Amino acid sequence: MLKTYLLLFYEFLKTGLFSVGGGYATLPFLFHMTEIYDWFTKEELTNMIAISNITPGPVGINMATYTGYTTAGILGSVLSTFAVVIGPFILALIVIYFLNKFREAKLVKFIFKGLRPTSCALLSFVAIQLIIQDVFNDAKLNNLIQSFNLKAFLLLIVLFVLYKYLKSNPSLIILAGAILGFVFNLF
Amino acid sequence: MKKVSLWQIYKIYFIIGLQLLGGGYVIMPLLKKYLIEDNSYLKEEDLIDYLALSQCLPGLIALNISVFSGYALRKVKGAIMAVIGLVTTPFIIILLVASFLLKISDNIYVQSAFFGIRLSIIVLIFSMVADIFKSSVNSKFSRFVFLLIFILGLFSFMSPTILVILSVLISIFYYKMKEEKNA
Numbered sequence: 001m002l003k004t005y006l007l008l009f010y011e012f013l014k015t016g017l018f019s020v021g022g023g024y025a026t027l028p029f030l031f032h033m034t035e036i037y038d039w040f041t042k043e044e045l046t047n048m049i050a051i052s053n054i055t056p057g058p059v060g061i062n063m064a065t066y067t068g069y070t071t072a073g074i075l076g077s078v079l080s081t082f083a084v085v086i087g088p089f090i091l092a093l094i095v096i097y098f099l100n101k102f103r104e105a106k107l108v109k110f111i112f113k114g115l116r117p118t119s120c121a122l123l124s125f126v127a128i129q130l131i132i133q134d135v136f137n138d139a140k141l142n143n144l145i146q147s148f149n150l151k152a153f154l155l156l157i158v159l160f161v162l163y164k165y166l167k168s169n170p171s172l173i174i175l176a177g178a179i180l181g182f183v184f185n186l187f
Numbered sequence: 188m189k190k191v192s193l194w195q196i197y198k199i200y201f202i203i204g205l206q207l208l209g210g211g212y213v214i215m216p217l218l219k220k221y222l223i224e225d226n227s228y229l230k231e232e233d234l235i236d237y238l239a240l241s242q243c244l245p246g247l248i249a250l251n252i253s254v255f256s257g258y259a260l261r262k263v264k265g266a267i268m269a270v271i272g273l274v275t276t277p278f279i280i281i282l283l284v285a286s287f288l289l290k291i292s293d294n295i296y297v298q299s300a301f302f303g304i305r306l307s308i309i310v311l312i313f314s315m316v317a318d319i320f321k322s323s324v325n326s327k328f329s330r331f332v333f334l335l336i337f338i339l340g341l342f343s344f345m346s347p348t349i350l351v352i353l354s355v356l357i358s359i360f361y362y363k364m365k366e367e368k369n370a
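Chains A and B, in that order, are what the protein sequence lines are.
Residues 1 to 187, numbered by the numbering used here, are exactly what the first sequence covers, in order.
Residues 188 to 370, numbered by the numbering used here, are exactly what the second sequence covers, in order.
Only chain A is shown next, with the shape it has when bound in the complex:
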């Protein structure tokens, strides 16, 4: 049990410290966890992303709370939430002390020029992994074609088009997904 607490702390500390750009930047780290631990599946994680979108709070914090609770109870949820918050918290305090120096440093600015494309690339893997999970039923590369789920593919296209009509409102597209998923599975 102690080992679980330590692992939870370690993983969420890393997630907090290395995710740059806010919002979905924690997702690549969370998806990586599904590959090395059995804390939650990719499917559960995706469901949680949806829940985070319709409840208050950033997805990174929500996921830490959720994972901590499902793997190690209330104490686990407090610990993981603390871990995801504490790294950036200390870093932000340090930055306040060196505020002006930090903002003018050209090297720091340049590093961020490299970090943003990295965030972008990492996030695109998340999208690819999700497509493999839900459109190809989580198949391995050698039997992708047999596992192709036409229903999911069509629904995905419909949602893409709908998203434009819903003026890119995340809550509305999640609601639309819930209704259409429900209707599609009746047939």
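Mixed in with the good hints there might be a few duds.
Mimicking BS3-like on lysine-lysine, the simulated pairs with C-alpha atoms at most 27 Å apart in a straight line are [to be verified]:
#1 A:109 x B:363
#2 A:106 x B:365
#3 A:42 x A:151
#4 B:198 x B:220
Which bits of chain B does chain A cover? Going by a derived footprint, with three or more residues having C-beta under 8 Å, they are [unchecked claim]:
#5 222 to 234
#6 273 to 284
#7 320 to 332
Some chain B residues judged to face chain A by a derived CB distance under 8 Å, without partners named [what the hints assert, rightly or not]:
#8 243
#9 247
#10 291
#11 301
#12 303
#13 337
#14 362
#15 364
If you are wondering where the hints come from, they were derived from the structure by calculation, not from laboratory data.
All values reported here derive from a predicted model rather than from experimental measurement.
Backbone N, C-alpha and C define an ideal beta-carbon position, used for all residues, glycine too.
We have chain A; now place chain B onto it with these hints.
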């Protein structure tokens, strides 16, 4: 600037946390309302500076801005109260959801709804990728980094932590090379 009580700071960020739906940037108008318009604890320029800084730091944007603004109100204690206030509501809601969701997740109707919801999430992430790509993959160097990380990640399943550290090292290396060229 008026001196703000720690309890007051907690209350303000608690109310903000309650309304924090969607991405981290949603916190900006909320901070503006509670810290500037209702109470004039801070100036608007301060908030914009905090946003710029938060974007340059790791961690969640809403959280970083809360640390900066809480610090401006009552130093370290203020920052701690701000963060605790901000996460109170999400924390309680997720605990409720986690215990509730585990019970209903076997239901076939709930599963079909979540099947559609997961596809919506794919759409959301794709549009996010497109947004970041447009705004930040716009030079030779950024295109190079994007391609490199994409290829490395796709074929080797390296952990995101290693890829982030690698991109920092590449940026430093490239910057030093450019500096030497100019010198």
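Verification of the supplied hints:
1. A:109 x B:363: 13 Å, holds
2. A:106 x B:365: 12 Å, holds
3. A:42 x A:151: Satisfied, since the Cα-Cα distance of roughly 20 Å is no more than 27 Å.
4. B:198 x B:220: 14 Å, holds
5. 222 to 234: violated (count 0)
6. 273 to 284: Contact hint for the region 273 to 284 of chain B vs chain A: holds, 8 residues under 8 Å.
7. 320 to 332: With 9 residues closer than 8 Å to chain A, the region 320 to 332 of chain B meets the three-residue bar; holds.
8. 243: It holds, given that the least Cβ distance between residue 243 of chain B and chain A is near 6 Å, below 8 Å.
9. 247: With a minimum Cβ separation of about 5 Å from chain A (threshold 8 Å), the hint on residue 247 of chain B holds.
10. 291: 11 Å, violated
11. 301: Residue 301 of chain B check passes; min Cβ-Cβ to chain A is 5 Å, inside 8 Å.
12. 303: 2 Å, holds
13. 337: 4 Å, holds
14. 362: Given a least distance of 5 Å, the restraint on residue 362 of chain B holds.
15. 364: Hint violated; residue 364 of chain B Cβ to chain A Cβ min 11 Å, cut 8 Å.
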